[in-house]
Amino acid sequence: MKIRVGFGYDVHQLVPNRELWLGGIKFEHELGLLGHSDADVLIHAICDALLGAANMRDIGYHFPDTASEFKNVDSKILLAKTVELIGTKGYSVGNIDATVCAERPKLKARIPEMQQVLAEVMHVDVDDISIKATTTEKLGFTGREEGISAYATVLIEKK
Numbered sequence: 033m034k035i036r037v038g039f040g041y042d043v044h045q046l047v048p049n050r051e052l053w054l055g056g057i058k059f060e061h062e063l064g065l066l067g068h069s070d071a072d073v074l075i076h077a078i079c080d081a082l083l084g085a086a087n088m089r090d091i092g093y094h095f096p097d098t099a100s101e102f103k104n105v106d107s108k109i110l111l112a113k114t115v116e117l118i119g120t121k122g123y124s125v126g127n128i129d130a131t132v133c134a135e136r137p138k139l140k141a142r143i144p145e146m147q148q149v150l151a152e153v154m155h156v157d158v159d160d161i162s163i164k165a166t167t168t169e170k171l172g173f174t175g176r177e178e179g180i181s182a183y184a185t186v187l188i189e190k191k
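So the sequence shown is numbered by this note's numbering: it starts at 33 and just counts up by one.
Derived by calculation from the structure, the hints in this document are not laboratory data. Be aware that a few hints might be false.
[Said to hold, decoys possible] The calculated lysine-lysine pairs, modelled on BS3-like cross-linking and capped at a C-alpha distance of 25 Å, are:
no. : residue 1 : residue 2
1   : Lys108    : Lys138
2   : Lys190    : Lys121
3   : Lys58     : Lys164
4   : Lys170    : Lys138
5   : Lys190    : Lys113
6   : Lys108    : Lys190
7   : Lys138    : Lys164
8   : Lys164    : Lys140
9   : Lys34     : Lys113
10  : Lys103    : Lys58
11  : Lys108    : Lys164
12  : Lys108    : Lys121
13  : Lys108    : Lys58
14  : Lys121    : Lys58
15  : Lys103    : Lys113
16  : Lys140    : Lys58
17  : Lys113    : Lys58
18  : Lys170    : Lys190
19  : Lys170    : Lys140
20  : Lys138    : Lys34
21  : Lys191    : Lys34
22  : Lys121    : Lys34
23  : Lys113    : Lys170
24  : Lys121    : Lys191
25  : Lys58     : Lys170
Please take these sequences and the hints and turn them into a complete structure.
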């Protein structure tokens with residue numbers, strides 16, 4: 033079995049009049065993430081990590097923000113398509129380890145729900161998805177609640 037590791041990162045600005053989606057679930061919050069799609073930073077970081085591990089460029093290459101078909105798209109669709117893309121090279125998802133950096137909303141209580149949604153989309157066990165939440169202790173753009181970022185490391189396998 034051949035294994036490969038990938039790393040992904042994404043960040044989006046918090047703005048009024050947008051929904052806040054993280055890990056494929058909607059959070060009630062006065063601000064949402066600005067982006068061409070639903071701006072789910074966690075899913076975008078995972079997509080970039082998967083594509084990078086398979087040496088298939090990045091999310092912007094496959095799902096450009098200039099393409100009208102991706103305007104306001106549910107990022108779970110992008111993740112499903114990404115899993116299909118790496119599958120064309122014979123790879124499947126081994127495991128995901130991700131961190132979301134946000135001052136608010138607090139994410140801890142909804143991590144199991146995010147894990148379940150992502151596991152269903154990627155066709156893996158919930159135990160194969162680790163999601164952690166942290167803050168930047170009021171430092172930087174995240175600390176000022178101007179944005180949310182996410183980091184993801186993935187392992188993919190070719191049998």
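Hint by hint, here is what the structure shows:
{"no.": "1", "hint": "Lys108 / Lys138", "in the structure": "holds (21 Å)"}
{"no.": "2", "hint": "Lys190 / Lys121", "in the structure": "holds (8 Å)"}
{"no.": "3", "hint": "Lys58 / Lys164", "in the structure": "holds (17 Å)"}
{"no.": "4", "hint": "Lys170 / Lys138", "in the structure": "holds (14 Å)"}
{"no.": "5", "hint": "Lys190 / Lys113", "in the structure": "holds (18 Å)"}
{"no.": "6", "hint": "Lys108 / Lys190", "in the structure": "holds (23 Å)"}
{"no.": "7", "hint": "Lys138 / Lys164", "in the structure": "holds (11 Å)"}
{"no.": "8", "hint": "Lys164 / Lys140", "in the structure": "holds (8 Å)"}
{"no.": "9", "hint": "Lys34 / Lys113", "in the structure": "holds (22 Å)"}
{"no.": "10", "hint": "Lys103 / Lys58", "in the structure": "holds (18 Å)"}
{"no.": "11", "hint": "Lys108 / Lys164", "in the structure": "holds (19 Å)"}
{"no.": "12", "hint": "Lys108 / Lys121", "in the structure": "holds (21 Å)"}
{"no.": "13", "hint": "Lys108 / Lys58", "in the structure": "holds (12 Å)"}
{"no.": "14", "hint": "Lys121 / Lys58", "in the structure": "violated (32 Å)"}
{"no.": "15", "hint": "Lys103 / Lys113", "in the structure": "holds (16 Å)"}
{"no.": "16", "hint": "Lys140 / Lys58", "in the structure": "holds (14 Å)"}
{"no.": "17", "hint": "Lys113 / Lys58", "in the structure": "holds (20 Å)"}
{"no.": "18", "hint": "Lys170 / Lys190", "in the structure": "violated (41 Å)"}
{"no.": "19", "hint": "Lys170 / Lys140", "in the structure": "holds (18 Å)"}
{"no.": "20", "hint": "Lys138 / Lys34", "in the structure": "violated (38 Å)"}
{"no.": "21", "hint": "Lys191 / Lys34", "in the structure": "holds (7 Å)"}
{"no.": "22", "hint": "Lys121 / Lys34", "in the structure": "holds (12 Å)"}
{"no.": "23", "hint": "Lys113 / Lys170", "in the structure": "violated (36 Å)"}
{"no.": "24", "hint": "Lys121 / Lys191", "in the structure": "holds (11 Å)"}
{"no.": "25", "hint": "Lys58 / Lys170", "in the structure": "holds (24 Å)"}
The earlier numbered hints that this structure contradicts are 14, 18, 20 and 23.
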